[in-house]
Each structure stands twice: as C-alpha cells, then as structure tokens.
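Keeping their order, the protein sequence lines are chains A and B. Residues in the first sequence are numbered from -19 upward in steps of one, following the numbering used here. Residues in the second sequence are numbered from -19 upward in steps of one, following the numbering used here.
There may be inaccurate statements among the hints.
Since the list gives no way to pick one copy over another, a pair counts as held whenever it fits inside one copy or between any two copies.
What the hints assert, rightly or not - Computed list of lysine-lysine pairs in DSS-like fashion (alpha-carbon distance at most 30 Å, straight line):
(1) -18 / 318
(2) 340 / 235
(3) -18 / 305
(4) 30 / 4
(5) 318 / 4
(6) 30 / -18
(7) 4 / 270
(8) 318 / 305
(9) 375 / 235
(10) 92 / 375
Treat the hints as calculated values from the structure; they're not laboratory data. Values in this document were obtained by computation on a predicted structure and should not be read as measured data.
Number of protein chains: 2
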Amino acid sequence: MKSYINVGMFGMGHVGTALFRLLKENRSLIDNRIGMPIRISKVVVSDLSKNRGVDVSGLNMGTDPDLILEDPEIDVVVELIGGVTLAESIIRRALDKGKSVVTANKALLAEKGAVIFPAAYRNQGYFGFEASVGAAIPIIRTFREGYAGDEILAFSAILNGTSNYILTHMTENGTEFDEALGQAREKGLAEADPTLDIEGIDAAHKLTILLNLAFGGRFDFSSLYMEGISKITAADISFTKQLGYRIKHLGIARKSEYGVEARVHPVLLPQQHILSSVNGSFNAVSLTCKYSGSSLLYGHGAGPDPSASGVAADLIEACRSIIAKQQPRTSPVNVPLKSWLPMEIVSMDELQSEYYLRFKVMDHPGVLASISKILADHSISIRSAIQPGTSAEGKMVDIVLMTHQALESQIQSALQAIQPLDFMAAESQLIRIGG
Amino acid sequence: MKSYINVGMFGMGHVGTALFRLLKENRSLIDNRIGMPIRISKVVVSDLSKNRGVDVSGLNMGTDPDLILEDPEIDVVVELIGGVTLAESIIRRALDKGKSVVTANKALLAEKGAVIFPAAYRNQGYFGFEASVGAAIPIIRTFREGYAGDEILAFSAILNGTSNYILTHMTENGTEFDEALGQAREKGLAEADPTLDIEGIDAAHKLTILLNLAFGGRFDFSSLYMEGISKITAADISFTKQLGYRIKHLGIARKSEYGVEARVHPVLLPQQHILSSVNGSFNAVSLTCKYSGSSLLYGHGAGPDPSASGVAADLIEACRSIIAKQQPRTSPVNVPLKSWLPMEIVSMDELQSEYYLRFKVMDHPGVLASISKILADHSISIRSAIQPGTSAEGKMVDIVLMTHQALESQIQSALQAIQPLDFMAAESQLIRIGG
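Looking at chain A on its own, in the form it has when it is part of the complex (with noise of 0.2 Å):
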C-alpha cells in the first residue's frame, strides 16, 4: 500500500518554486481532499547553485534528468522547464515510463502535439496540462469535461497577460507602446525579449491548444494566421476609443460554412463587449456553445501563484487516478486517437470582416477620393470617415475609415495599391472589428 505519491519535479523557476510553497501550505487541504500525502522528492535543475528563496533542504536536486526518469518509485512528473526540445524529451520518456506527466508547456503542446498527445494518450498514465492556457483559469477542463455534450461553435479569448496589460495601459494613460512595454517590463510582466509575448505567438500557441479541444481535430499551429501588437498606437488607441470601442489582442476560432476560422490578432471591441472590461493582465474567455449559449471564464493567465494552482489541480487528479489504480478515461485531446485527424483552418483570405484603417498622409484635396476610389473597386464599402484634426508636424494628417464588411483578400489587395501612392506618409493601419 503506498503511502504517498511521489513527484519528480523538472525545474524550478518561479513557478516551481510557487508549486512548492502551495504544496506544504495547502498540505492538510490536499491530503484531505485526495487521501494521501504528496512529496516532491526529487528535482532537476540547470544550475544547483541558484538561490531559489524556499527551503529546498531534503530536496534530492540535481542536474540529471536520469535521477527522475529512471527512478521507478517516482509517480508523477512536473514539467516546468519550457521550452520545446529538452521538454519534448523528457515528457516523451516519462510518458514511456509509464508516469503520470503534467506540464504547463504551451510552446511544446503547440508545436509538438502532433507527437505528444498520440504518446500522452497510449500511456497508462494521466496527462495534465491545465496551466499551459490561462494558469489556474480551469480552461482544459471546462473544453474537455464542462461542455462535453454541447458543441462549442466559437470562442474568442485574451489569452496573453503581458500584451493585454500593454493595451489597457495604453488605454488608460494615452501612453505610446514602447512606454507601455517598459512598464510591463518594470511590473515584471514583460520578458528581456518580449517577443513571443508581443507577436501573438505566444496567444497562437494557446489557441492552437484549445482548438485541439473545442473542435475535436488536429490543427497546425505553423498554419494559424498570427499578428501582435507592437504596432498599435497611441493614436489608434485614442481614435477607437472615442468611436466607442477598444482595442484587444484576441485569440478567435469560429465554426463556419467553410471549416473553422482562427486567428490571433488585435481587434476593436465594442466597448460594451464582455472582453473589453477585462483588463490589465487578467485573461478570459469567452464561448458560445450550441446549448449552453454564451459563457465567460476570467481569471488571472499568468504569473507564479495562479500557475502553480494550475499544475495543482492537476496533479492532485493525477494522484486521484493513481490512487484509484485507475487509467485516464479522457482522451487529452477530447476524442479517440483515432478520430483525432487534421483540420484545415479556412485561409485568412476568405475571412468576412468590418475594418478599421488607418491612413497617415500628406493633406491636400484629393486625397481621400483617391483612397475611396481604390476601396470602391475592390468591393469595399465605407460606413464612416474622419480624419481627427491635423497632426503636430504640420501637412501630415490621419484619415481614419471604418468599413462595412468585406472580405480580407480584398482589403489587402486595396491597402497594397494605397500604399505606393505619392500622398501615403507611413504604413497603412488595419486592424480588424468585432469578436
């Protein structure tokens, strides 16, 4: 008879360290809840010399990934290292093993679900990747387990702390992107290198996994259209804001007529839309299922604490399972392996969209005809235009139009033959409307 479960832990970062703490203060709660003690016996690290701020002494640390991997009395590994090639390894091995694995790695679900997913679900044990969306916010399970008998038809998200909190304060203080990244950075919200965070990368991984779930198929993260925010300014920011809406990076995924929609970029929002009063570094998502209609989850998708209360609940069902010698009787990507077969995303060329643009132009007469013109011709229609007052270097004005819907392949066709003109100051702006 055990007596407890023993986890093997792969890194300890901030949000290992935060496991750790939650592990010994929540100890009674957790014991009580699953009949059993869990124990963290044995971690590897990259560098044992780091100060990590807990008590690690009775910790077996080392460098080895061999020291959990080949250890049979170790039950459950945590995969909190990141990052795709080492991870992909070590999930791969511990699954071969037989463990039970939870791992809070987006990028690695992502990008190699193809290979992990197939491996997570011929294993015996459970596989847990709650926090890779939206930390302790109960995503995975509310796609796999909540709606199981509805079908989820779309859903829309704010799935990235660092580029929502970004946005909100540009919003909320008139601030330029680079002031607003700097403040993230200072918040501890940004990294050195913000890119995956910035880019919508790190949103697209996210999505990728939720469309796995939400639509029963296997889709490719390399095929998903992805845009971020680096290029939101403050003037498209003050703009929307006063034609009542504001702007979010969203993850979409929509069943259509032609196969399933999905995108990460930034939208304008109504600013009555649930998801336009989620702000700072909160994530949410919002769904619409067949049955069920509209629904809202919201919580904090990021940072040490809520993190690790994610890998939490997943171990602690891993620990149910194994306690009850029991296999996983939900597939981790919500049906059989076998019906688990690729799903094209509809190209973003056929996407239906209302458009902002953005023009920055040298002001003389003529000018928004000539845009109007190569609109009209590329079946583009304009419900409104202003052009907000002219700018501090003189000659240089922002004509900003909103469209009626039209279709993307258009819209991009239009902007390339606008851009060369001789009156065009800058790049053109487009960011798309609606949820």
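We have chain A; now place chain B onto it with these hints.
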C-alpha cells in the same frame, strides 16, 4: 462488450425534452468523444398523455419507477423531476442498485445532502450534479477539480436568474418590483408561484451545494441566512444608482477568523464591480483563491437548453467511467466521507458590513437628529446622508443613510428602536453593501 450506454430518465419536462433533443442532435459528436452511443431507452413520467413536442416513438415510457429502477440493463439514471420526496426515493434506490446517477435537483441536494451524498459516495457508480447550480456553467467541476489544489477563500455569486432578471429590469426601466416580476413571467423566467426564486430559497439551495464543495464540510441549509428581492423598491434602485451602486441578489461565502460566513440577500455593489455587469437572467460566480487569486465564471444559469448541456456533461462523464469500468475517483463532496463533518455558519449577528438604510418619514425638523442619535447609541457611524427630495405624497420623504462598517446585531437593534418612532411612515429598508 457493451455496444451502447443505456439511460433511464425520470421526468420529461422542459429540461428532459431539451436533453432528448441534445443527445439526438449531438449524437455523432458525443459518440466520438466517448467512443460509444448513449441511448435514452426508458422514460418515467407522471402523465403519459402530455404532448412534449418531441418524437417519443420508440421510447419505452411508463409511470412506474420500477420500469427503470428494476431494469438491470439501465446504466445511468437521470433524475429531472425536481422536488424532494419522490426524487430522494428514486435516487437512493438507483444508488442502491449500483447505477450511476445524474441529477439537476438543487432542492434535494441542499435539503437532503446529508443522506444523498454519503449514499452516492458509497455507491460504485458516478454521481453528477453539475446542472444543479448555474446550469451549464461548470461551477461544480471548477470547485471540485479546477481549484483542487488551491484554497477557496471566498466567493460571491448571482445564483438565481429570475431575481437577476427582475433587478436588471428595475434598474434599466425604473419599474417597481411587481411590474418587473410580470415581465419575468411573460418571458417564461418566473413560475406561477415565484416564491422559491424571489425569496432567495433557490439561491440558498445552490449556495448550500457550493459551500459543501468549497470548504469541504457539511453545511445545513436551514441555518443559512436568506432574504429575497421582493422588498426592493424602485426608490432603492434609483437612490443606489445615483450613489454609484447596483443592487444584486447574491450568495456570499467567506472564510473569516470566526469560521465560515454564508448568506443570501440583496447587496449594493459598486457599479464597476465585475458582478454589477452581469445582467438579465445570467448567473456568475466570482471567487477568490489563495493562489489563483480572483476569477469569474459566467453564463446562462437556467433554461432548458443550458440545463440540458450541464446534464449532458455529467452523463458523458458517467459514460466515460462506465466504459473504463472505473469507480469514481473524486468524492461528490470533494473530501472523503470520514472527513465530511458538520461545519458551522457564523451567526448573522456577528457580520461586519457597511449598510444602506432608507427611512420613509413624515418630514419635520429633528427627524435626522433622532435617527442619528439612535444609530450613534449603537456605535454605528454614518458615512453619508441624503434626503433625495419630497415625495409625491406631499409630506412623506425618504432619508437615505450609508453607514461605515458596523455590526449586524447593532444595526438590527437600532432599527428596532427607530421603527416605533412616531415620524416613521413605513418599514425601514436595509441593504448590505459590498460583494
């Protein structure tokens, strides 16, 4: 080898017929998710002649519970008849026979939880009750599994769609309670006898179920303080709106230094509070956990289709267990039966809160002084006082006071001392402030 899951359903009202439609419409999706079809093969109803608007040919329908309960081929019993006595007997018999059980019956679980949950715990089948609180909003799963590793410190929830619809209607249209109730009836959101909804009983049922899961103890429904919305007037809505608040009907639970606070009553929430923007018949649960911080779940908390979606999620979990030949790995109450012990709710007398008080008085000099004196004698200090203007009746006016933090017992005894004063023209109004 089983070739399908055999379901017996009790009750075929609005939720039952929606479930029947859902299982038909989502058949291929559900087959794919669980690897086996679900078939509702028998239905027990009280009136066989009723037209249910769905094609019931091929269904084995009857009025005798034994039709389902004595059939060893039935794997899962779905109880959708509501009410306490008959439902209790059906569920206990189904559990005794080793069948999995899915129910949406909040009254039963709140009032008879002390017998139903232990019976479910000892049973070898799955016991699901997701739709008993918040319909398809996955609150039960989130409390039991999503935050399994975390400590739930507090939650506030809009648990009754009818009350929320009425309050929203009053807020948006300035109507009195009775007119808003009439609107709710027209929309099919209020029963002929609306007592359960508008007097807070339904919300208290749901709160009791959530308390069990959140705090891992056995809570007594009858010891819960509950107050409905039937005494809220258009004047209260209007005054509180001017002061920057919204009136919401909430279930509130909080771990405090004295134990667990739990209560159901109207609350003044600051307009920018996240629950203030939950309108119409929507439900929402806002919770605070030690590690994951603040989060929110939001969605349709009632209605045939959302309820059917919640029931279907449980049905699928039951099927996944049956197919994997597994016993449940999670206790229905989140902790093993031996540690599911009675837990006390802190007496309302000890509540510390800020208060909105409205006195309808015959206006003459010294009224405010008299009221203030009595409040001061009870150690209650006033944060602000307004007298919004002479009422249409001529000499009757409203005096609205907002207090600083005070003790509930003191407020109640102050109101008892004020009520008999000769200038008092009606019952005084008390609404607690804060989420």
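Quick rundown of the hints versus the structure:
Taking the shortest Cα distances, residue -18 and residue 318 sit within 30 Å of each other only across copies (20 Å), while inside one copy they are farther apart (35 Å). Taking the shortest Cα distances, residue 340 and residue 235 never come within 30 Å of each other, neither inside one copy (36 Å) nor across copies (56 Å). Proximity of residue -18 to residue 305 under the C-alpha cut-off of 30 Å is found in both arrangements, the shortest distances being 11 Å within a copy and 22 Å between copies. Within a single copy, residue 30 and residue 4 get their C-alpha atoms as close as 21 Å, which meets the 30 Å cut-off; across copies the closest is 58 Å, which misses it.
Taking CA atoms no more than 30 Å apart as the test, residue 318 paired with residue 4 passes between copies only; the shortest distance there is 23 Å, against 41 Å inside one copy. When the C-alpha separation of residue 30 and residue -18 is checked against a cutoff of 30 Å, the pair qualifies neither within a copy, at 33 Å, nor between copies, at 56 Å. Taking the shortest alpha-carbon separations for residue 4 and residue 270, only the inter-copy value of 13 Å comes in at or below 30 Å, while the best intra-copy value is 42 Å. Taking CA atoms no more than 30 Å apart as the test, residue 318 paired with residue 305 passes in both settings, with 25 Å inside one copy and 21 Å between copies.
In this assembly of identical chains, residue 375 and residue 235 lie within 30 Å of each other by CA distance neither inside one copy nor across copies; the values are 46 Å within and 62 Å between. With identical chains, the CA atoms of residue 92 and residue 375 are never at most 30 Å apart, being 51 Å at best within one copy and 76 Å at best between copies.
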